[in-house]
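Sequence order for the protein chains is B and Z. According to the numbering used here, the first sequence is numbered sequentially starting from 27. According to the numbering used here, the second sequence is numbered sequentially starting from 588.
Treat the hints as calculated values from the structure; they're not laboratory data. Think of the CB as a built atom: it goes at the ideal place given N, C-alpha and C, for glycine as much as any other residue. Just to be clear, a hint being listed does not mean it is correct.
A few chain Z residues that face chain B, going by a derived Cβ cut-off under 7 Å, partial list only [to be verified]:
{"#": "1", "residue": "615"}
{"#": "2", "residue": "617"}
{"#": "3", "residue": "623"}
{"#": "4", "residue": "628"}
{"#": "5", "residue": "629"}
{"#": "6", "residue": "630"}
{"#": "7", "residue": "637"}
{"#": "8", "residue": "815"}
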Amino acid sequence: MARDTQKFLELLKPHYNDALKYSRALCANWSADDAEDVLQDSFLKGIENLESLRDDSKFRSWFFKIVTREFYSSVRKHFWKRFLPIENYMNLPEMPEVYDRMEQNENKAMIGRALAKLSVKERAAILLFEIGGFSIEEIKDVQNEKSISAVKSRLSRTREKLKKYITGSNGPNGKKFSVRTDTNEGDLTNETIRLIAEAERNR
Amino acid sequence: MKQSDLSPKPNATGNTGADSQSAEKLERYFTALKSADYSDSFPKVESWLYKTNTQIENQKKERKLKKMKQYFLANKLRLAYPIIFLAILIAACSMPVTQTETVGHMVTWATPTGNTQLQEQIKNLDWIRGAQLSISDNNDNGKLETLYSALLPGSTEAQIETYKKDLERIKDITSIKVYPFQDNVKRPLYAAALNTFFRVNVDAHGMSDEDLKKEVERQLREQGVNSNINFTTGPDGKRNIQMQIPDLKNSKDPKDFEVNINDGNNDQTLKVITKKPTDVNKYKGKSDAEIRSMVRSDLGNQNLKDNEIIITHEGDEVKIKVEVEKQDVK
Chain B
27 MARDTQKFLE
37 LLKPHYNDAL
47 KYSRALCANW
57 SADDAEDVLQ
67 DSFLKGIENL
77 ESLRDDSKFR
87 SWFFKIVTRE
97 FYSSVRKHFW
107 KRFLPIENYM
117 NLPEMPEVYD
127 RMEQNENKAM
137 IGRALAKLSV
147 KERAAILLFE
157 IGGFSIEEIK
167 DVQNEKSISA
177 VKSRLSRTRE
187 KLKKYITGSN
197 GPNGKKFSVR
207 TDTNEGDLTN
217 ETIRLIAEAE
227 RNR
Chain Z
588 MKQSDLSPKP
598 NATGNTGADS
608 QSAEKLERYF
618 TALKSADYSD
628 SFPKVESWLY
638 KTNTQIENQK
648 KERKLKKMKQ
658 YFLANKLRLA
668 YPIIFLAILI
678 AACSMPVTQT
688 ETVGHMVTWA
698 TPTGNTQLQE
708 QIKNLDWIRG
718 AQLSISDNND
728 NGKLETLYSA
738 LLPGSTEAQI
748 ETYKKDLERI
758 KDITSIKVYP
768 FQDNVKRPLY
778 AAALNTFFRV
788 NVDAHGMSDE
798 DLKKEVERQL
808 REQGVNSNIN
818 FTTGPDGKRN
828 IQMQIPDLKN
838 SKDPKDFEVN
848 INDGNNDQTL
858 KVITKKPTDV
868 NKYKGKSDAE
878 IRSMVRSDLG
888 NQNLKDNEII
898 ITHEGDEVKI
908 KVEVEKQDVK
């Protein structure tokens, strides 16, 4: 186990900063604590499953895949957390704070709010491309997609959505879409908005 | 790493200006995200990961122990029975039992006194050298004779029979008598069980019938069983065995044994189970069908056919011969 940890850290070091940026951007509308939870689970899962990494040169995409999956599962956990107390059953030491709690950056806040309006898959795809610097082929693998065209269209659609959200143009229901500043909701909220809009359009 | 440029292109709707403006904004926002630097926190995370994983490992071990403990507590009886059974079995097998065993023999005979040629003949017997010999003269109503007594520790009954025959062949030797020395030997039950049973294993690959005969006879002789064995190879390449063991019916302490012959693809097992004279009495007054049933049960072979169990009645005495001696294993 100690040997696995050492190897994992050696492989992680060159990609550490990018992984943290990606993770933080994924959880842009969450608190720093929640974002750190995703990161903590990703690190522990990474060490636990290090044996599954056949080729060390593929570590970057392998680890970003873990972060992405942990983010997906955290979205689900985030939803259930409102109803059920989910405790840290392992009673592990708290991960040190890595994200700034007092950060005041208008640009970051703006993109964070816009990202929060995307579906989890859209958010992960655009951030893998923009922050992770992954190719479409690699994103296809990370997101377990069957075709490159699915990823391409997802990226193009997401970019369009982001531009609309940022410039404050019309939302899917024809109403003026404004980016909520108080949002700390998971993707379930976005999905609900999308489904209501779709239902209204079909009426 | 990126394969394609997904940045927006001017469209035909005339929104080029607004589009490029929002694209610029988006690019600025992404740049802001990319500009973050968390590298300084790596050492903190590194030491936390080492600490956490050690703790996880310890917790896993503790959980494993706890699970085992719970399993043992929940299945106390289920686990206890085999252990108790095993302990009883070991204790029973180790329990010493007393067996009477022949530890040697004394052979005595008499010769006329002063016959030097006779003395020389006796001296030349092979087995005399290993015996503790005592010689004394005796006057039997005016007839002078020399009394010999040879003490042969560790000798088997089969050996003694051979020695006796050697003496009988020498003219003028009279009054040959054999006295077995018996002793009570204490040994564990398992050793006692093994003592009355032995196996002869022969790898007959490349052995001629004659060599095989010698080897089987040699191994049987080592166990105190004199036998007369004949091997013949049939036209199908299979060996046939004929075995005569005259010693066994005279033996006071008969042994059961098994002869295993591995002969290429044709393994053969020959089982010989001897019956003590007292066992034979149990057949008295029984019908042939009852005797056959008893024999099958004694031999543990219910497949024996009626014609394979030959029963002859001589007065009250019942003689039983089982002619299936060869058993193909493969």
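(request) Hint by hint, work out which the structure violates, then give me just those numbers in ascending order. (result) 6, 8
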